[in-house]
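Engineer: Given chain A, work out where chain B should sit, using these hints.
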Amino acid sequence: MYPDKTKMESLVEATNIAEVKGRSLWSDARTRFMRNKAAVAGLVILTAILLFAVFGSLFQAWTHEAIDWKLMGRVSQIGGPSIENGHYFGADELGRDLYARVVQGTGISIMVGVVGSLVAVVVGTLYGATAGFFGGRLDNIMMRTVDILMSIPFMFVLILMLVIWGRSITMLFVGIGLISWLDMARIVRGQTLSIKNKEFVEAAIAVGVSPFTIILRHIVPNLLGIVVVYATLLIPGLIMAESFISFLGLGVQEPMTSLGALIQGGSKQMLYGAWWQITFPLFFFLATLFAFTFVGDGLRDALDPKDR
Amino acid sequence: MFTYIARRLTVAVPTILILITISFVLMWSAPGSPFMGEKLPPPEVMANLEAKYGLDQPYWKQYVDYLSNVIFHFDFGPSFKFKDRTVNDIIAQGFPVTLTYGFWSFIVAVTFGVGLGVTAAIKHNTWLDYLAVGFAIGSQSIPNYVMAPILVLVFTLWLGWLPGGGWEGGTWDHIIMPVIALSTSYFASIARITRSSMLEVLNSGFIRTAKAKGLPMSRVIIKHALKPALLPVLSYLGPAFVGMVTGSVIIDQYFSTGGIGQFFVNSAFNRDYSTMMGITILVGTLTIIFNLLVDVLYAWIDPKIRY
Chain A
1 MYPDKTKMES
11 LVEATNIAEV
21 KGRSLWSDAR
31 TRFMRNKAAV
41 AGLVILTAIL
51 LFAVFGSLFQ
61 AWTHEAIDWK
71 LMGRVSQIGG
81 PSIENGHYFG
91 ADELGRDLYA
101 RVVQGTGISI
111 MVGVVGSLVA
121 VVVGTLYGAT
131 AGFFGGRLDN
141 IMMRTVDILM
151 SIPFMFVLIL
161 MLVIWGRSIT
171 MLFVGIGLIS
181 WLDMARIVRG
191 QTLSIKNKEF
201 VEAAIAVGVS
211 PFTIILRHIV
221 PNLLGIVVVY
231 ATLLIPGLIM
241 AESFISFLGL
251 GVQEPMTSLG
261 ALIQGGSKQM
271 LYGAWWQITF
281 PLFFFLATLF
291 AFTFVGDGLR
301 DALDPKDR
Chain B
1 MFTYIARRLT
11 VAVPTILILI
21 TISFVLMWSA
31 PGSPFMGEKL
41 PPPEVMANLE
51 AKYGLDQPYW
61 KQYVDYLSNV
71 IFHFDFGPSF
81 KFKDRTVNDI
91 IAQGFPVTLT
101 YGFWSFIVAV
111 TFGVGLGVTA
121 AIKHNTWLDY
131 LAVGFAIGSQ
141 SIPNYVMAPI
151 LVLVFTLWLG
161 WLPGGGWEGG
171 TWDHIIMPVI
181 ALSTSYFASI
191 ARITRSSMLE
201 VLNSGFIRTA
211 KAKGLPMSRV
221 IIKHALKPAL
231 LPVLSYLGPA
241 FVGMVTGSVI
251 IDQYFSTGGI
261 GQFFVNSAFN
271 RDYSTMMGIT
281 ILVGTLTIIF
291 NLLVDVLYAW
301 IDPKIRY
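Heads up: the sequence lines are chains A and B, in that order. Residue numbering for the first sequence follows this note's numbering, starting at 1 and increasing by one per position. Residue numbering for the second sequence follows this note's numbering, starting at 1 and increasing by one per position.
For the record, the hints were derived by calculation from the structure and aren't laboratory data. Where is the CB? At the ideal position from N, CA and C, for every residue including glycine. It is possible that part of the hints are untrue.
To be verified - Not the full set, but computed from the structure, chain A residues with beta-carbon under 7 Å of chain B:
{"no.": "1", "residue": "Val146"}
{"no.": "2", "residue": "Ile148"}
{"no.": "3", "residue": "Met150"}
{"no.": "4", "residue": "Met270"}
{"no.": "5", "residue": "Leu289"}
Claimed, not checked - Only some residues are given here: those of chain A computed to face chain B with a beta carbon under 7 Å:
{"no.": "6", "residue": "Leu43"}
{"no.": "7", "residue": "Ile45"}
{"no.": "8", "residue": "Leu46"}
{"no.": "9", "residue": "Pro153"}
{"no.": "10", "residue": "Phe156"}
{"no.": "11", "residue": "Ile164"}
{"no.": "12", "residue": "Met240"}
{"no.": "13", "residue": "Phe247"}
{"no.": "14", "residue": "Ser267"}
Pulled out of the complex, with its shape left as it was, chain B reads as follows:
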């Protein structure tokens, strides 16, 4: 087990370094100055600004400084656009929001996805099964940037039940629509994966044995079938997590929830490179760690995997 984790870490650590390097090279290759507004500031001001942000140093020195700040102090440096804020401030403001609705989306997608998938598998080839599969196929192919406007149209404009955007400290009526918009397509994928793996498990020998020794169906499902059926779902959680993190950019932008996605897009329009870099590196690192956790969990649960 430890050798497996160690081996995975030997890939994960260079990946994070490469991500930081790519972002740094991209920023370094940007034409013009980040302080260029409508007109270029006077040369003295420019020189002072560059000295303040360390841009007058040679590139390798900037790179080493940035790298050591990020790795040892989790410090992504000052924002190039908001003079009084650091990238860490921005992340500290936006990240809890993203985390809150991201967490609920994840819970909703997994709970309802697994529930629907298991139900469809148990009621295989009945109208319930067809309904579930049809529903899953339909919502799987609707991306969140299509789902979000539809939700606003129905719940805000027609029914007037929910506010069309904003966060207000995360009250439940502000969370519902972001969570639905973000989780729908993953919920559908998880339902399809669960259904097909559950069907496979239900046809296997040990389930027949469990039924034959007279266990009630609910016990067969919960004690025997669920665990092996959920393994493929577990390996889908990595991609689903990545998709949700990426999708949060759309959610933040459309619902004005004020998460890191909104800051990311705003800094993209403001050419605030340091904020973009900071968020990219943070998201990338989280993704890598999460995938690592899922893989370790998988190896731990699945008795067939030997390492």
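Chain A with its partners taken away, still in its complex shape:
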């Protein structure tokens, strides 16, 4: 019995093809991510919102501080969205351009989320990896500390801090950064516990690599997947925390603004018929939250090997 001739030829052809391109974990994940429609839609919306926040100010006819005196006292009647007078999204209760303020507020809100999340990535990863790698008593002390910090009602303490040390955007960053890393530290520690028993870590220990080099060169790179996923999912939570504080009027200070502050202003004016003052900030707020959540979920499906 001889094999089919055409089959033989195709086999020869196949072996002649140049080396098959290898598929790394990340390119694999990218393919999976791109197949997820919700995640891609989230990414597109997110990119659009980011472009809006960065370049939106190029198209504004008014700055976020300038008051349009023509609208003074009559904002709820004639301050609605209009192309002619340059207030594309209408004006707020003081006659300031809402478009410019939404551009700025979106930027600030996203920045708070991203910066807080970056703090979580750096501090939480190093903290969790150190606790998990060394184990024993050090681990115990470090994780009990996290437990204790977690059970403190942080929103109340954060407001206390903002009141005592003065309200500023720096203080807001510091305050949100202080708590954002706690969950990350827990997750990273859990992952580290399973990674540190793998052969490549044993090998590194055997050849005498120092513990911190092992953490930075061998453990942290293997954690990146879960860290990226969690950091993305953390951003909407932090944006919500910032909006919470701004809604109470304790967040960023005038003339700066954030989406939470705009929603608060709009929710008051809504009662007088100025619907645009809540609609536009609320739209950008919810769109940002949904986009980050979808992208985060997509990343988790793409990078988490458990759910395949």
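Structural biologist: For chain B alone, kept in the frame of chain A given last:
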């Protein structure tokens, strides 16, 4: 069981102490005097005021006094802004309000959340399931400070059914909107958790056995499936409680219900540090105790947990 509770208490007690210490250090590090108004009062008045509130004592003495007053007498001291009221008075006035609508929100969130979740799981992959899941995802991501204005817009301005704020001793029409605004996102989370854990339980062996021996579906659900399915919900109650307590600040502020959240924000604007500290410590302690209770309850109910 007792060793477990004891072990948890060894974490809870230091946490409360640390919370008191953090608040105290924050207040101590505040620049300026709490009595500074438009202008600084004359030095003699200042000295008298500081003597009255014990601010002329060394810091360690103030700390020890405050700590012992809080722990042994539940006394949070005088308010720095309202000269004739103590922090305890303020808490006694605001806390019952917060507790009332907080309690109803909790009941609503758990009852409707579990109900919707179980229904969605039983009617898995029917239009009812999709409707429930869609509804849950939608309302989960709407924070209470967005929900509250929307409710006022619909029920007060358009329909004119409910008053837009106030408390009036807690009549039902003043309670409804705060309760809906506060419970929606937790209700949605509980529904999603219940649905997924119920689905898992319904696919397990002992449910098949229960069905096979001819029990009616309602009995299978109530007697066999509900208890294991509710365990994940139980562990979510801790975070939900924390979220609701924090959310009450928004509710009080938006609906002017007069709970502790409103006093907290007002004292934040007035720089009334002692009231802020008192409320922070109270809320923190309640949170810690509640989490402890939930964990103990969990360990007691779940036969798989050994301690």
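Engineer: So which of those numbered hints doesn't the model satisfy?
Structural biologist: 1, 3, 6, 7, 8
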